[in-house]
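Trainee: Use these hints to put chain B onto chain A, whose structure you have.
Protein chains in written order, with the working numbering: chain A, 1 to 298; chain B, 299 to 596.
It is worth saying that the hints were derived from the structure and are not from the lab.
Honestly, I wouldn't trust all of these hints.
To be verified - List time: in silico DSS-like cross-link candidates among lysine-lysine, alpha-carbon distance up to 27 Å:
hint: 1; chain 1: B; residue 1: LYS429; chain 2: A; residue 2: LYS40
hint: 2; chain 1: B; residue 1: LYS470; chain 2: A; residue 2: LYS112
hint: 3; chain 1: A; residue 1: LYS30; chain 2: B; residue 2: LYS429
Keep in mind that this is a model prediction, so the values were computed, not measured.
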Amino acid sequence: MSTSASAREPNPKNFVPDLHLLGIRDVIYKTAGIFQRDHKLHLLKVRCTLRMKELGIGLLRDYFQYLTKPSGQVETTILLNGILVGETRFFRSMPQLDALRKIVLPKLVAAKSTAAARTLKIWSAGCSTGEEAYTLAIILLEASSLLDDWTCSVLATDLNQNSVEHAKRGIYGESSTRNVPPPLRQKYFVKDATGLSVSPEIRALVSFQRLNLLDGRHLSMIAKTDVIFCRNVLIHFDMASKTRVIEHLHNSLSPAGVLFVGHAESLFGVSNNFSLLHMPAAIAYEKTKTSLAKRRLL
Amino acid sequence: MNGTVREQALRKLESIENMPSIPAILEPLLRYLSLPVDELQVQKVVDMISNDESLTVQCLHLANSPLYCRWQAVDSLRGAIMALGLGKMKEVALACSFMKMLPKQVGGIDPVIFWEHSLACAMVSRHLARKLSLPFAEKAYLAGLLHDFGVIANVTALPHEFAAALALARAKEIPLHEAETEVMGINHAESGRILAELWRLAPELIAVIGDHHSPAQAKTNRGLVALVGLVDLLCRMRGLGYGYAENRIVNLLEEEAYATLLEECPLVRGADWTRITFELDNYMYEVHNLVAALYRMQ
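Chain A on its own, in the form it takes in the complex (with noise of 0.2 Å):
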């Protein structure tokens, strides 16, 4: 089984925490729906630490209560900020890929065998620096023969002009490529002096935007999208935002489409539009079938 490695990950130092800590693991998904699994609560008690320091904080109660102030989502937000890694990097999250792979290409394969145009797309939302788009692009690539007369794409969109840049470019260091297997790096990257560069293959399938997810007008002109990757963005908005949020990535997904989301983010609160869906060591979200919904309001 792929078990995510991080799961079985001993907890350092037995490390024991309080019930303050754990308020703050739970203001932290109830405002952001990011949820600090055991083994990684000794860090958010390093975060908070290094947070009450600067704020003048002695005790870490305190902190709790000054979280759950109505002015303290702004708060939550910096500390979330520290707590989730900014790097981005190629082939993060294996069990969600591998569940696109294994399980959520053959279906939509399937479910979309009878349709007019063969035509499969993926959305890269909040892109960075485009490291997820390309890996998107590889699996899709080496999936050639289950898509063999597919016509396959990947939008990647993202509010940060820098970084829409930099993912044009597709020129990558040894930190960020660290996780490609030997064979694809070989296949899919040409080195030269200033990096790892995707190959022209892979950029042929990948379109670059600069987009605000709020932006309803130009989100309306997603549509049919059969994948949304949209991981470890929605903290960054408030709930209001990121209920229009949902609701336009919604509308985008065909209706077999499938939305992944941070490994350990929640859509829980955000919409009653998507159902939760399990996969090996992976979850994502479908939309809700209405016999669903229906039965969720009686």
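Mentor: The following block gives chain B in isolation, referenced to the frame of chain A:
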């Protein structure tokens, strides 16, 4: 289905003679530990456990394991019981006793993996029952621990057939009970029921063992059966299954176990299954270490 194969399997199960027995100490110990806490005497528990050498050794070993971080080494049974607590003691006695029932490396299943799955189901079933305020929280642990009693029956009575079923499940990445039915004409739920009835286990345990893959058919304790069935599925999807990943996509809300649980316990409606999934991951470390600690001393 090949009737002959099924009939042969049934005959072997019904004439099973070499089934390992539950240690004699277990029944009186569990009866004593179920008394109100203020009536319990640690010395009495010490006296009972000291009659079983291997349980004594396991208690000592566990009390000294990193799972129960101690400042000083525990070198007496009394100290071990004090370190573990009487509640944990009950769980350890249960786990140790049942672990002895599965022969090592027979039928192709790794006993460590099997008990990790069983213990995970026990812990998560109890966690979920408490979290959702279900009326059978105290029964959930034992029900989860024993739900796969039929695997022990199959390994003992039908070792070659079971090994073939497990190999098929692994190769086709399908649920074990489906592969068992394909190979033997009978699955571990059915064979578990036969043996559980033969042993005159409590009716609620027979229902869990016999119906956890078809909880709607349970004639008694349907809520408990459905809870364990759902937790079993969740554990298998999160890397705590039988040592391989089932290549499938699961929407819990469309599962028979969920519909049955909802019928029996309406409080389940609206539960946050994403968070429950993340919380399940928290048990990985504990389950892994507990089984490793217990097995090391067998």
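Trainee: Hints numbered earlier in the text: which of these fail when held up against the supplied structure?
Mentor: Result: no hint breaks.
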